[in-house]
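J.: Residues per chain are reported as follows:
There are 2 protein chains.
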Amino acid sequence: MTPEQFLSDFHEVAQIGATPNQGVDRQAATPEDRLTREWFRAFAERRGWEVRVDGIGNQFAIVDFHPDAAGDTPCVLLGSHLDSQPLGGRFDGAYGVIAGLHAAARLEDRVRSGDARPAVNLAVVNWFNEEGGRFAPSIMGSSVFAGLMDEAEMLAVRDLAGVSVREALEAIGYLGTDARPTVASYAEVHIEQGRILERESTQLGAVDYSWYTQKLDIEVLGEQSHTGATAMADRHDALVAASQVILKVHDVTARYEAEALVSSVGQLTLEPNSPIVVARRVHLVADLRAADQAIVADARATLLEQIDAIARERDVKINVRDFDVRDNQHYPESGIRLAEEVAAELGVSARRIRTMAGHDSVAMNRIAPTVMMFVPSVDGVSHCEREFTRDEDLVTGVAVLTEIGWRLLQGALEPSGVAGVGGAAAGAGAAR
Amino acid sequence: MTPEQFLSDFHEVAQIGATPNQGVDRQAATPEDRLTREWFRAFAERRGWEVRVDGIGNQFAIVDFHPDAAGDTPCVLLGSHLDSQPLGGRFDGAYGVIAGLHAAARLEDRVRSGDARPAVNLAVVNWFNEEGGRFAPSIMGSSVFAGLMDEAEMLAVRDLAGVSVREALEAIGYLGTDARPTVASYAEVHIEQGRILERESTQLGAVDYSWYTQKLDIEVLGEQSHTGATAMADRHDALVAASQVILKVHDVTARYEAEALVSSVGQLTLEPNSPIVVARRVHLVADLRAADQAIVADARATLLEQIDAIARERDVKINVRDFDVRDNQHYPESGIRLAEEVAAELGVSARRIRTMAGHDSVAMNRIAPTVMMFVPSVDGVSHCEREFTRDEDLVTGVAVLTEIGWRLLQGALEPSGVAGVGGAAAGAGAAR
Numbered sequence: 008m009t010p011e012q013f014l015s016d017f018h019e020v021a022q023i024g025a026t027p028n029q030g031v032d033r034q035a036a037t038p039e040d041r042l043t044r045e046w047f048r049a050f051a052e053r054r055g056w057e058v059r060v061d062g063i064g065n066q067f068a069i070v071d072f073h074p075d076a077a078g079d080t081p082c083v084l085l086g087s088h089l090d091s092q093p094l095g096g097r098f099d100g101a102y103g104v105i106a107g108l109h110a111a112a113r114l115e116d117r118v119r120s121g122d123a124r125p126a127v128n129l130a131v132v133n134w135f136n137e138e139g140g141r142f143a144p145s146i147m148g149s150s151v152f153a154g155l156m157d158e159a160e161m162l163a164v165r166d167l168a169g170v171s172v173r174e175a176l177e178a179i180g181y182l183g184t185d186a187r188p189t190v191a192s193y194a195e196v197h198i199e200q201g202r203i204l205e206r207e208s209t210q211l212g213a214v215d216y217s218w219y220t221q222k223l224d225i226e227v228l229g230e231q232s233h234t235g236a237t238a239m240a241d242r243h244d245a246l247v248a249a250s251q252v253i254l255k256v257h258d259v260t261a262r263y264e265a266e267a268l269v270s271s272v273g274q275l276t277l278e279p280n281s282p283i284v285v286a287r288r289v290h291l292v293a294d295l296r297a298a299d300q301a302i303v304a305d306a307r308a309t310l311l312e313q314i315d316a317i318a319r320e321r322d323v324k325i326n327v328r329d330f331d332v333r334d335n336q337h338y339p340e341s342g343i344r345l346a347e348e349v350a351a352e353l354g355v356s357a358r359r360i361r362t363m364a365g366h367d368s369v370a371m372n373r374i375a376p377t378v379m380m381f382v383p384s385v386d387g388v389s390h391c392e393r394e395f396t397r398d399e400d401l402v403t404g405v406a407v408l409t410e411i412g413w414r415l416l417q418g419a420l421e422p423s424g425v426a427g428v429g430g431a432a433a434g435a436g437a438a439r
Numbered sequence: 008m009t010p011e012q013f014l015s016d017f018h019e020v021a022q023i024g025a026t027p028n029q030g031v032d033r034q035a036a037t038p039e040d041r042l043t044r045e046w047f048r049a050f051a052e053r054r055g056w057e058v059r060v061d062g063i064g065n066q067f068a069i070v071d072f073h074p075d076a077a078g079d080t081p082c083v084l085l086g087s088h089l090d091s092q093p094l095g096g097r098f099d100g101a102y103g104v105i106a107g108l109h110a111a112a113r114l115e116d117r118v119r120s121g122d123a124r125p126a127v128n129l130a131v132v133n134w135f136n137e138e139g140g141r142f143a144p145s146i147m148g149s150s151v152f153a154g155l156m157d158e159a160e161m162l163a164v165r166d167l168a169g170v171s172v173r174e175a176l177e178a179i180g181y182l183g184t185d186a187r188p189t190v191a192s193y194a195e196v197h198i199e200q201g202r203i204l205e206r207e208s209t210q211l212g213a214v215d216y217s218w219y220t221q222k223l224d225i226e227v228l229g230e231q232s233h234t235g236a237t238a239m240a241d242r243h244d245a246l247v248a249a250s251q252v253i254l255k256v257h258d259v260t261a262r263y264e265a266e267a268l269v270s271s272v273g274q275l276t277l278e279p280n281s282p283i284v285v286a287r288r289v290h291l292v293a294d295l296r297a298a299d300q301a302i303v304a305d306a307r308a309t310l311l312e313q314i315d316a317i318a319r320e321r322d323v324k325i326n327v328r329d330f331d332v333r334d335n336q337h338y339p340e341s342g343i344r345l346a347e348e349v350a351a352e353l354g355v356s357a358r359r360i361r362t363m364a365g366h367d368s369v370a371m372n373r374i375a376p377t378v379m380m381f382v383p384s385v386d387g388v389s390h391c392e393r394e395f396t397r398d399e400d401l402v403t404g405v406a407v408l409t410e411i412g413w414r415l416l417q418g419a420l421e422p423s424g425v426a427g428v429g430g431a432a433a434g435a436g437a438a439r
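Sequences listed follow chains A and B, in order. Using the numbering used here, you'd call the opening residue of the first sequence number 8 and step up by one each time. Using the numbering used here, you'd call the opening residue of the second sequence number 8 and step up by one each time.
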């Protein structure tokens with residue numbers, strides 16, 4: 008598989024759910040998501056790979072080097088996610104899956120043209136619902152896979168229209184029952200979604216750790232009344248109080264060094280949402296992220312005090328609940344070094360970089376040695392149609408991922424250091 | 008029809024679409040709205056009255072005193088609306104329709120037991136979509152009837168789910184084709200939705216004029232981006248800017264005497280509404296009302312300046328459009344005096360009162376002599392489940408409406424002053 012074939016495939020998939028301004032809209036378990044899954048399946052079947060779908064809609068393509076083995080041979084897993092945000096970009100997630108498929112094809116050719124076979128299998132994954140735009144929380148499929156979220160609980164999650172994950176997956180024919188592969192190690196390549204690599208003209212980021220993140224589920228309860236006939240003094244307007252909360256969530260970042268904390272409210276529902284009725288209830292989700300857990304904790308405490316003051320001032324009730332708390336995750340030093348070594352060998356400039364955004368690799372890193380890499384993003388924008396990465400940067404990432412896949416097949420991150428080709432299957436790292 | 012029968016009917020209708028806390032949820036053209044319409048139809052048919060439904064879903068029951076007349080005999084029209092806000096109260100609107108039906112029944116008995124018949128007919132109306140919670144603008148059915156809104160344009164209005172008025176009316180079987188009756192005069196009784204009558208222990212309000220009102224349609228356009236990975240300095244967050252706008256709309260009332268201006272934002276939609284995406288677009292509706300048009304104009308000008316400053320500060324685009332502008336409407340002095348006279352004769356305490364809320368009578372007053380009356384509201388709350396009016400106040404209102412209907416049948420508000428029983432049909436007031 009050549010770089011040209013990769014680019015051709017990448018740009019073909021970008022046509023699925025394409026939006027007018029070069030983005031894509033392929034939220035989890037929608038008809039558009041189904042179409043990308045069919046494309047993934049067709050790619051795998053053309054290569055003769057086995058395709059599996061598990062109970063939370065994760066889709067795997069397995070390159071079996073041990074068809075004669077009894078039981079499940081652990082695999083080196085490459086991948087990311089094909090779902091997108093509403094009016095999202097065409098690179099976020101899709102790049103990592105298509106890169107994984109092409110890397111796997113090259114690796115299979117390399118293995119089958121040689122005489123030694125690796126001790127492990129190779130697989131590519133399209134994780135379900137990384138984005139969390141339709142069904143919260145995000146990083147759902149990989150977190151269920153890693154045992155960090157409960158499958159039954161996630162299948163019961165509903166979108167704003169009341170459709171459950173189970174119903175949505177059934178509707179597109181992707182509520183699977185296949186066995187999950189055992190993972191020896193995991194590698195993912197993704198766009199940076201920031202400006203650091205672009206600013207420094209660096210081709211590759213070896214991700215060393217993820218930011219600490221948490222969300223606040225905030226419910227503001229006022230009293231419904233007539234907008235025209237209710238005296239201002241008699242109102243308990245949930246939307247006025249919620250607007251104050253939104254501004255506090257925004258302004259709290261100013262308490263810390265520039266960009267040490269990012270915060271936002273991205274989701275809000277209003278009841279009854281009638282032009283001439285004072286709102287009785289607003290539900291919103293605030294998102295706090297920092298490299299340093301202490302900053303998030305301090306911002307959270309500040310917000311809780313401010314929210315309490317708003318509730319008293321407006322005579323409304325405000326319920327706040329922590330959820331989706333994600334600790335800093337450190338990727339293994341051996342994997343970071345592996346990425347740096349491979350980049351150096353291929354003549355690719357690289358640096359260590361942290362991720363502010365969550366990724367499937369953050370979940371996978373909990374159960375298997377994981378390598379996470381970034382390629383540059385133009386202007387650092389993502390989750391929008393104008394998200395962009397240049398073809399040459401995409402191609403470089405595929406080359407690095409392929410070589411890392413080769414080292415992983417040779418056991419580069421196995422507990423023993425380097426396992427020989429044809430050696431034993433991965434040990435503790437593969438446990439789930 | 009006795010007061011007990013009225014109360015029995017009133018409380019029966021309150022069971023249709025009843026909510027857990029004594030309210031009702033019967034938005035326009037929903038299955039619950041259909042059920043109240045069936046109840047209205049059954050009431051009329053039991054009395055042998057003709058039922059008509061026009062092209063915008065207004066429902067009429069006609070008591071024909073001139074079955075032998077060629078052409079359409081003008082009618083004295085009584086009524087209000089049976090639709091409600093989401094989780095609305097059981098009095099707002101429904102009271103006026105059921106009061107109208109019972110008043111008409113008593114008036115028919117009185118006419119048929121005498122030997123003189125009025126020159127005009129009598130009719131009761133259930134106006135379509137007074138509330139405007141599902142389909143904006145409010146006061147839709149009566150405004151189309153009065154020629155103030157275009158029927159085809161209103162049939163094309165869509166709710167937040169994309170369903171048009173035409174589709175919704177067809178779905179409940181109430182997109183009619185019947186001829187509209189010609190109206191000689193109109194009378195409506197409604198709950199106050201304020202505290203003035205209650206505070207002064209007055210049984211009846213003779214409404215003299217309506218407040219000046221207008222809405223602002225506000226669209227905030229930012230840029231969609233990743234909540235986790237976008238630097239705070241690089242964001243163009245539509246929801247942060249919208250929250251500032253909402254607070255300005257609230258705070259602008261403080262520039263004037265207490266309660267001289269009321270304002271609110273009751274409707275808001277957010278795109279893409281994903282917990283981990285910075286909002287690209289917020290659409291909201293602001294509502295401004297004052298007795299004095301100059302105050303609304305001044306507040307609007309202040310807000311436009313403030314909104315412009317917010318757009319510059321946040322580097323977003325904010326489009327503002329005026330809509331649903333409603334001038335002060337003065338009810339005819341002769342009608343106000345008629346209500347005062349009737350109240351005095353029945354031993355009912357009364358006062359003149361303005362309406363801050365819009366009503367179907369505001370539209371009807373544009374094309375026919377109109378009498379509008381209020382009965383007290385406990386705590387002045389409305390558009391909510393705990394809206395409440397005492398049975399004795401409801402009964403008093405029906406008695407007054409009945410007597411006013413009698414005077415109107417005798418031509419009390421006709422251009423000539425008082426038309427004789429059996430005299431000519433109403434003149435200019437009936438024109439449409």
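Quick caveat, the hints were computed from the structure, so don't treat them as lab data. Check each hint, because a few of them may be wrong.
When chains are identical, the list treats them as one kind, so a pair holds in a single copy or across two.
[Said to hold, decoys possible] In silico lysine to aspartate or glutamate, EDC-like type, Cα no more than 20 Å apart, as pairs: (1) K255 x D241; (2) K324 x E230; (3) K324 x E226; (4) K255 x D322.
J.: Against each hint, give a clear statement of whether it holds in the structure.
T.: Here is how each hint holds up against the structure:
1. K255 x D241: Answer is between: at 18 Å across copies they meet the 20 Å cutoff, but 24 Å inside does not.
2. K324 x E230: Cα proximity of K324 and E230: one copy only (10 Å, versus 32 Å across).
3. K324 x E226: Result: close within a single copy only, 8 Å intra versus 29 Å inter.
4. K255 x D322: both (18 Å within a copy, 19 Å between copies)
In summary, this structure violates none of the numbered hints.
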